[in-house]
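Novice: Sequence:
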Amino acid sequence: MGVRYEKEKEYLVSYCGSYCHTCDWHTGRIRKISRAALDMMKLYGGFRKQLEGKADPEEITRGLEVLSESGICSGCKAELEKDPETDRCAIRQCCAAKGLLLCSECPDFPCEMLATNPGVIRFGCLENLRQIGERGIERWIDEQWEKETGTSPGLGI
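Position one of the sequence shown corresponds to residue 1 (full-length UniProt numbering), numbered consecutively onward.
Heads up, some of the hints might be wrong.
[As the list claims (entries may be wrong)] Distance condition first, Cα-Cα at most 30 Å in a straight line; then the derived DSS-like pairs of lysine-lysine:
1. K9 with K32
2. K32 with K49
3. K54 with K42
4. K9 with K77
5. K77 with K147
6. K9 with K98
7. K147 with K32
8. K147 with K7
[To be verified] Okay, the calculated beta carbon distance ranges per label pair:
9. G99 with C73: 20 to 28 Å
10. K42 with D87: 31 to 39 Å
11. P107 with L51: 49 to 57 Å
Worth flagging that the hints you see were computed from the coordinates, not collected in a lab.
Heads up, the beta-carbon is just placed ideally off N, CA and C, and yes, glycines get one too.
From just these sequences and the hints, can you work out the full model?
Specialist: The structure is reproduced here in structure tokens:
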């Protein structure tokens, strides 16, 4: 069974152009790496000698415990459905209010809110949206899958 592109677009390509399948929160990578680091901290006694005078091993351990117990993100679009009234993302609220699945569907694209958002800048989301516009959602998703996994999901239905 191939990728279901419309479902991917509807649920896993965020409004701003971030893609859940490549997001470290969504995939659980942050939790997994934090657990591994926490195990190393415990195995090596908190690296007390190496951290002496530089960092507090207990604070590092507490931080890793928090991250290692963190939930896996359900995706930006799923968060909107949970509680739109307390949404922390203005981009998500803007698109939802306009009935858009992607910011690039808006006549104001790219707007100031999108272009100046630190997360959008950090993760190259504007470029993602431009590529989606140029290549189409199906090809773009295939390219993201291939980049992330080394395999192509093939043509979807």
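Novice: Confirm or reject each hint.
Specialist: Going down the list of hints, with the structure as the test:
no.	hint	in the structure
1	K9 with K32	holds, 26 Å
2	K32 with K49	holds, 25 Å
3	K54 with K42	holds, 18 Å
4	K9 with K77	holds, 10 Å
5	K77 with K147	holds, 23 Å
6	K9 with K98	holds, 16 Å
7	K147 with K32	holds, 21 Å
8	K147 with K7	holds, 20 Å
9	G99 with C73: 20 to 28 Å	holds, 23 Å
10	K42 with D87: 31 to 39 Å	holds, 37 Å
11	P107 with L51: 49 to 57 Å	holds, 53 Å
Of the numbered hints listed earlier, not one is contradicted by the structure.
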